[in-house]
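Chemist: Each chain, letter by letter, is given below.
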Amino acid sequence: MRPQSNIKKALLTLSLALLLISVTNCTSTRVVASNYGDTFAGNESYETDSWSYLWGMVKKDVSVEPDADDSDHAICDEGSLANVEVKTTFGGALLTIVTLGIVNHRKVSFACSRPSNGDGGLDD
Amino acid sequence: MLPEGISKLPIEKWTNRHENFTQDLVKNASFKLRNPKGASFPKRRDRYMASTKNFQWLIQHGIDHNLKLRAMGSGWSFTKCGVAKGGIIDTSSLNFSFPLSQAYVSNQYAQTPEDLYFLQCGTIIYELNNRLSAKRPMRSIKASGASNGQTIAGAMSTGTHGAAFKSGAIQDFVVGLHIVTGANKHVWIERQSYPVASQKFVDWLDADLIQDDAIFEAAVVSFGSFGFIHGVMVETEPIFLLEEHRIGNLAYNDDLKKAMNQLDFSGLNLPGTGPGKDLYHFEVLFNQHNFEPNNPDKGGFIKFMYKKAYDPNYTKFKKNNKFTYGDDLLGFIQTVLDSLKPFNQLLIPPLVNSLFSLAFKPQPPQDGTVGDIFNYTKFRGKVASAAMAIDIKDTVTVVEEIVDLNKTKAFPGGLSLRYVKGTKATLGFTKFPQTCVLEMDGVDSNAAREFYEQIWTRMEQKGIPFTLHWGKINFFLNEARVNAMYGTQAVDAWLEARHHLLDQPTRQVFNNKFIANCGLDRELGAIV
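First to last, the protein sequences are chains A and B. Counting in the working numbering, the first sequence runs from 1 upward without gaps. Counting in the working numbering, the second sequence runs from 125 upward without gaps.
Don't read these hints as lab results, they were simulated from the structure. There could be a bad hint or two in this list.
[Unchecked claim] Mimicking DSS-like on lysine-lysine, the simulated pairs with C-alpha atoms at most 30 angstroms apart in a straight line are:
hint, chain 1, residue 1, chain 2, residue 2
1, A, Lys8, B, Lys132
2, B, Lys531, A, Lys87
3, B, Lys132, A, Lys59
4, B, Lys465, A, Lys9
5, B, Lys132, A, Lys87
Can you make the complete structure from the sequences, with help from the hints?
Modeler: So, in structure tokens, the structure goes:
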């Protein structure tokens, strides 16, 4: 294969990859009380989608309370959070622009606090 | 209905923390464990015992449904050593810890009860450090990995290490193990040559007692293959301070080579020496893209720490919260490198030169406890990390091989050499009496993986003995190589211990593709 076609192929691959990245990658804000949660890294049951409609006038909280009835994600047994991250993808931002703010999507991931009072004697 | 303390984990795949792989899982096969609470479990022992029974329930569930199961700690490993195409058992909420009184300690134990600490498997190193520093008098672990988010069982089982060249790795301060080895069986294992627990402690666990050096040394680094490790007894020591120094622009010359190959620091004139200080940690870093012998501007960086007495008035350093790279940056770089492969020799050196200066900077000395210094890891996203252990006498040879290979096959990362005291664990990868762990950390990409494969192949061709970290990138491992690295005698001893502890149906539950590739799921004949 000629070097010129190699370069063309590489640039085409790069362009497609960058396009894919721009759609799937995120801007995010992470709020951290503790970096240490009560589960392993990458546990998808600690992630959920957050939708709001009509410029935020219709929305639903992401509840992780111990008695929450949401079943699409984990709940926090201790009733407290260690950290939360809210992400907006390029696709999500585009959706908001195209619908003039009527439909909004964000990705929420969270870590629950670790169980407290773990230290104590064998006879306690 | 699930027993109290077990809940379903509705996941069908899992991607590890550094996004190096995704493991497919069986639907409805993953569970989370918590220590049950409520009126039925009035004491902490009741809660711990209930979790033991829950582990047994899971093993029976695995046998009944032909499922592979693996306990998961914090999910930091870079390889599939601790997962299977079956279910993940999330143990991270099992974080009880118990100081011991004399009644629970063997009369033959050489130290005092204050030196022992019994931890439930999901206790993370961060919690362990905090709880020990809350004791009066304050205590400390003997050694740590570079960061502190791993669970004690996970860190131990993969041989996590720092650069404590007189203390060793995490597993080297473990002195007893409580392992659930079957649907109706759980055992307390300690060395016969180093008993720690009294019969009262074994009765507290309601476990069978095994005092056997060979079984202990096999089980302590077994990457989840020996059943569910429920409890770990560690030895601690009175709290101490570390005085950390970071120095740059050190010429790669005979003095540095002598330190690297012999741990002889006489030519380095290390600052900070003095009475009451003992060199504890030694680490050398190189940017192989900016490397030239005898040129301080293109030389190494060293990080070393003295161990010294604790001073309650020490100045604790604050965590900074500056701008750092986003989670997706390394993935972006990976895409660029993989797409523009023909140009990698041009792209990688400037990239590494920019990132290396962010990752390591000389700085004034600072004091801290083990918990202060080895804190939360800053590296996120698609990081590649591989670590090979070599005898320290081979260090210079291997570094020069890497620098040579890098001239034609650029590595998108840097090198660090961390020195660790050798381990007694049968398959502990820090197996050389004086081990140097040579780490190659960078952006996960085809360029990095091809570099790893080529340098490991060179090592084999040149007959330089080495092992690979079980929890870091190690796709090079197979049965023949594991046998060559550790010797068939050690591999057989590990397999025999596994057979002794687990019956055949239980072994099946804890088999996975990783140990199959390494020949570590092998069935042995009858053991006489």
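Chemist: Next, verify each hint and record whether it holds.
Modeler: Cross-check of the supplied hints:
1. At roughly 50 angstroms between alpha-carbon atoms, Lys8(A) and Lys132(B) are farther apart than 30 angstroms, so this suggested pair is violated.
2. About 40 angstroms separates the Cα atoms of Lys531(B) and Lys87(A), which puts this hinted pair outside 30 angstroms; it is violated.
3. Restraint check: the Cα-Cα separation between Lys132(B) and Lys59(A) comes to about 28 angstroms, which is no more than 30 angstroms; the hinted pair holds.
4. With a C-alpha separation of about 11 angstroms, the suggested pair Lys465(B) and Lys9(A) falls inside the 30 angstroms cut-off, and the hint holds.
5. Between the alpha carbons of Lys132(B) and Lys87(A) the distance comes to roughly 26 angstroms, so the proposed pair stays at or under 30 angstroms and holds.
The structure fails hints 1, 2 (numbered hints given earlier, in ascending order).
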